[in-house]
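Chemist: Sequence:
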Amino acid sequence: MKNVLLFLSAFIPMYFLILLKEAIELINHNIEFNLLAVLVIIFLLGLIILGFLGLFLEIRRSNKQTIEIVVDSAQNITDRHFLGYFSLFVLFAITFDLSRTCMFVVFIAILAMIGVVYVKNKLFYINPFLNILGYNFYKIDYHEKSGSEKKNTKIFYRGAITVGQNYFVKVKDENFSFVDKGKSQ
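Numbering of the sequence shown is given in this note's numbering, commencing with residue 153 and proceeding in unit increments.
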């Protein structure tokens, strides 16, 4: 379930844009205030809340063990994965008329299909909302401070990762980790 919530969090900017569009259309009386309009607004607000909940659970409340690592190499790869999502946001926000039942159903079907691929392939690192919140995305090679076995992961961190520096990290898997407590002293 947490993986589905992480998927939903990746689209928070899109949900917000669509919600903003719908609200402006309602205020300007370009669309009717009817049951479908209410359902769209409730649905989008629900997705936003669930997305925030997923990120909160993963970042703050994760039961993953925190380990201290030493970064052997780091490459900021933020730009490789996020711009493609913004074109999807624009497509949905501008072209989809969710005041029509068929478009609302297609919107849900597209989200479901993207969600299956996202969760099945553990694409959790593709999360533009985290970048908007100030996180950078890195591919790092590291070893645990207490060991010498080399490992790699993709990691989110606010700031720049420094090679040779120690960090406390919650490693979910090789595709999604967070620096938990920043640099060790």
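Keep in mind the hints are simulated off the structure, nothing from the lab.
Please note that the accuracy of each hint is not assured.
Below 25 Å or equal to it, Euclidean Cα-Cα: the simulated SDA-like pairs (lysine to any residue) are [to be verified]:
| id | residue 1 | residue 2 |
| --- | --- | --- |
| 1 | K154 | G286 |
| 2 | K306 | N273 |
| 3 | K154 | I266 |
| 4 | K291 | N318 |
| 5 | K324 | L243 |
| 6 | K272 | G311 |
| 7 | K297 | K173 |
| 8 | K173 | C254 |
| 9 | K306 | I266 |
| 10 | K306 | N155 |
| 11 | K272 | L209 |
| 12 | K274 | C254 |
| 13 | K173 | V257 |
| 14 | K173 | K154 |
| 15 | K324 | V257 |
| 16 | K173 | N283 |
Distance ranges between label pairs, derived from CB positions [unchecked claim]:
| id | residue 1 | residue 2 | range |
| --- | --- | --- | --- |
| 17 | L243 | F208 | 53 to 63 Å |
| 18 | E296 | I260 | 35 to 45 Å |
| 19 | I284 | I179 | 39 to 49 Å |
| 20 | I176 | G299 | 51 to 61 Å |
| 21 | L187 | F320 | 41 to 51 Å |
| 22 | H181 | F204 | 40 to 50 Å |
| 23 | E220 | I284 | 44 to 54 Å |
| 24 | F248 | V271 | 14 to 24 Å |
Every residue gets a Cβ at the ideal spot worked out from N, C-alpha and C, and that includes glycine.
Chemist: For every hint, state whether the structure bears it out.
Modeler: Status of each hint after checking the structure:
| no. | hint | result |
| --- | --- | --- |
| 1 | K154 to G286 | holds (22 Å) |
| 2 | K306 to N273 | holds (14 Å) |
| 3 | K154 to I266 | holds (16 Å) |
| 4 | K291 to N318 | holds (16 Å) |
| 5 | K324 to L243 | violated (31 Å) |
| 6 | K272 to G311 | violated (29 Å) |
| 7 | K297 to K173 | violated (49 Å) |
| 8 | K173 to C254 | holds (18 Å) |
| 9 | K306 to I266 | holds (21 Å) |
| 10 | K306 to N155 | holds (16 Å) |
| 11 | K272 to L209 | holds (20 Å) |
| 12 | K274 to C254 | violated (30 Å) |
| 13 | K173 to V257 | holds (18 Å) |
| 14 | K173 to K154 | violated (29 Å) |
| 15 | K324 to V257 | violated (33 Å) |
| 16 | K173 to N283 | holds (23 Å) |
| 17 | L243 to F208: 53 to 63 Å | violated (28 Å) |
| 18 | E296 to I260: 35 to 45 Å | holds (43 Å) |
| 19 | I284 to I179: 39 to 49 Å | violated (25 Å) |
| 20 | I176 to G299: 51 to 61 Å | holds (55 Å) |
| 21 | L187 to F320: 41 to 51 Å | holds (49 Å) |
| 22 | H181 to F204: 40 to 50 Å | violated (31 Å) |
| 23 | E220 to I284: 44 to 54 Å | violated (29 Å) |
| 24 | F248 to V271: 14 to 24 Å | holds (23 Å) |
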